[in-house]
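Visitor: Generate coordinates for the entire structure from the input sequences, incorporating the hints supplied.
Chains as they are written, first to last, in the numbering used here: chain A, 1 to 117; chain B, 1 to 112.
By construction, these hints were calculated from the structure, which means they are not laboratory data.
Nothing here was measured: the structure is a model prediction, and the numbers come from that model.
The reader is advised that the hints may include incorrect statements.
To be verified - DEER-style ranges, computed between Cβ atoms: (1) B/S41 / A/R15: 33 to 39 Å; (2) A/V30 / B/T72: 28 to 34 Å; (3) B/E58 / A/G16: 46 to 52 Å; (4) A/E85 / B/L80: 31 to 37 Å; (5) A/F66 / B/N57: 19 to 25 Å; (6) A/G3 / B/T56: 42 to 48 Å.
Said to hold, decoys possible - Pulled a few chain A residues facing chain B out of the computed Cβ check, cut under 7 Å: (7) A38; (8) G42; (9) P43; (10) F45; (11) F108; (12) D110; (13) G111.
Virtual Cβ for every residue (Gly too), placed ideally from N, Cα, C.
Listed here are the chains, written in short residue letters.
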Amino acid sequence: GAGVSQSPRYKVAKRGQDVALRCDPISGHVSLFWYQQALGQGPEFLTYFQNEAQLDKSGLPSDRFFAERPEGSVSTLKIQRTQQEDSAVYLCASSLGLGQGGNQPQHFGDGTRLSIL
Amino acid sequence: LAKTTQPISMDSYEGQEVNITCSHNNIATNDYITWYQQFPSQGPRFIIQGYKTKVTNEVASLFIPADRKSSTLSLPRVSLSDTAVYYCLVGDHGGGYNKLIFGAGTRLAVHP
Numbered sequence: 001g002a003g004v005s006q007s008p009r010y011k012v013a014k015r016g017q018d019v020a021l022r023c024d025p026i027s028g029h030v031s032l033f034w035y036q037q038a039l040g041q042g043p044e045f046l047t048y049f050q051n052e053a054q055l056d057k058s059g060l061p062s063d064r065f066f067a068e069r070p071e072g073s074v075s076t077l078k079i080q081r082t083q084q085e086d087s088a089v090y091l092c093a094s095s096l097g098l099g100q101g102g103n104q105p106q107h108f109g110d111g112t113r114l115s116i117l
Numbered sequence: 001l002a003k004t005t006q007p008i009s010m011d012s013y014e015g016q017e018v019n020i021t022c023s024h025n026n027i028a029t030n031d032y033i034t035w036y037q038q039f040p041s042q043g044p045r046f047i048i049q050g051y052k053t054k055v056t057n058e059v060a061s062l063f064i065p066a067d068r069k070s071s072t073l074s075l076p077r078v079s080l081s082d083t084a085v086y087y088c089l090v091g092d093h094g095g096g097y098n099k100l101i102f103g104a105g106t107r108l109a110v111h112p
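Guide: Structural data, given as structure tokens:
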């Protein structure tokens with residue numbers, strides 16, 4: 001596909017369960033980002049990959065959150081022992097690569113809406 | 001980090017020009033100003049980016065004064081489909097990549 005694809009679009013889980021969210025970035029994009037968006041708020045940065053290397057995970061809210069991108073393309077965000085406050089939309093974005101200044105637009109997927117009961 | 005301030009909401013009517021102003025008093029020398037648009041149940045979509053003066057594309061114009069402490073997104077002749085949340089961002093280039101810092105954005109409602 002031409003854009004960033006995320007699956008599933010919706011996920012409902014019971015508190016305490018583990019979940020895995022998938023992101024297929026645009027082919028050839030070096031940079032991959034995960035964001036969390038609460039209802040009525042702007043997206044908040046979680047983590048960043050350059051190819052397979054996770055260079056920044058400063059936004060991950062706790063050690064229950066884990067992300068990987070083993071082959072430098074598809075990425076998975078895993079949340080262990082989910083809690084109700086994890087309910088949010090999880091957005092993935094990719095960009096072509098490192099650019100000078102801020103001139104590398106990020107292309108977002110439509111997100112996974114996670115609901116924890 | 002350069003913080004941005006923009007109106008929480010705006011209302012307009014079809015066919016009007018809409019100007020959304022964003023303040024970023026602490027913008028750094030190397031920072032660019034970027035605007036994204038987000039529709040319900042979709043991810044943000046890049047609209048326009050600039051460093052100084054004026055930038056125009058097929059969707060919008062971006063006006064940046066010389067001191068770069070603010071910027072204005074201009075949407076010409078809006079339609080109902082322009083109803084969305086608009087985010088103004090200033091890039092964070094720590095580590096050599098642009099980690100986007102979103103605020104709450106401006107909710108634009110276009111009325112018939």
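Visitor: Are the hints correct? Go through all of them and say.
Guide: Evaluated hints:
B/S41 and A/R15 have their C-beta atoms about 24 Å apart, which leaves the hinted 33 to 39 Å range violated. A/V30 and B/T72 have their C-beta atoms about 32 Å apart, which keeps the hinted 28 to 34 Å range intact. Evaluation of the 46 to 52 Å hint for B/E58 and A/G16 yields a pass: the beta carbon distance comes to about 49 Å. For the hinted restraint 31 to 37 Å between A/E85 and B/L80, the CB-CB distance of approximately 35 Å keeps it satisfied.
The hint said 19 to 25 Å for the Cβ distance between A/F66 and B/N57, and at roughly 38 Å that hint is violated. The hinted range of 42 to 48 Å is not satisfied by A/G3 and B/T56, whose Cβ atoms lie roughly 25 Å apart. For A/A38, the suggested interface contact is broken, since its CB lies about 11 Å from the closest CB of chain B, more than 7 Å. Nearest Cβ of chain B to the Cβ of A/G42: about 3 Å, under the 7 Å cut. The hint holds.
For A/P43, the interface hint holds, since its Cβ comes within 7 Å of a Cβ in chain B; the closest pair sits about 5 Å apart. The restraint placing A/F45 at the interface with chain B holds, with a minimum CB-CB distance near 5 Å, inside the 7 Å limit. For A/F108, the shortest C-beta to C-beta distance to chain B is roughly 3 Å, which falls under 7 Å, so the interface hint holds. The interface hint given for A/D110 is met, as the beta carbon of that residue sits about 5 Å from the closest beta carbon of chain B, less than 7 Å.
Interface restraint check for A/G111: the shortest CB-CB distance to chain B comes to about 6 Å, inside 7 Å, so the restraint holds.
Hint violations for this structure: numbers 1, 5, 6, 7, all remaining hints satisfied.
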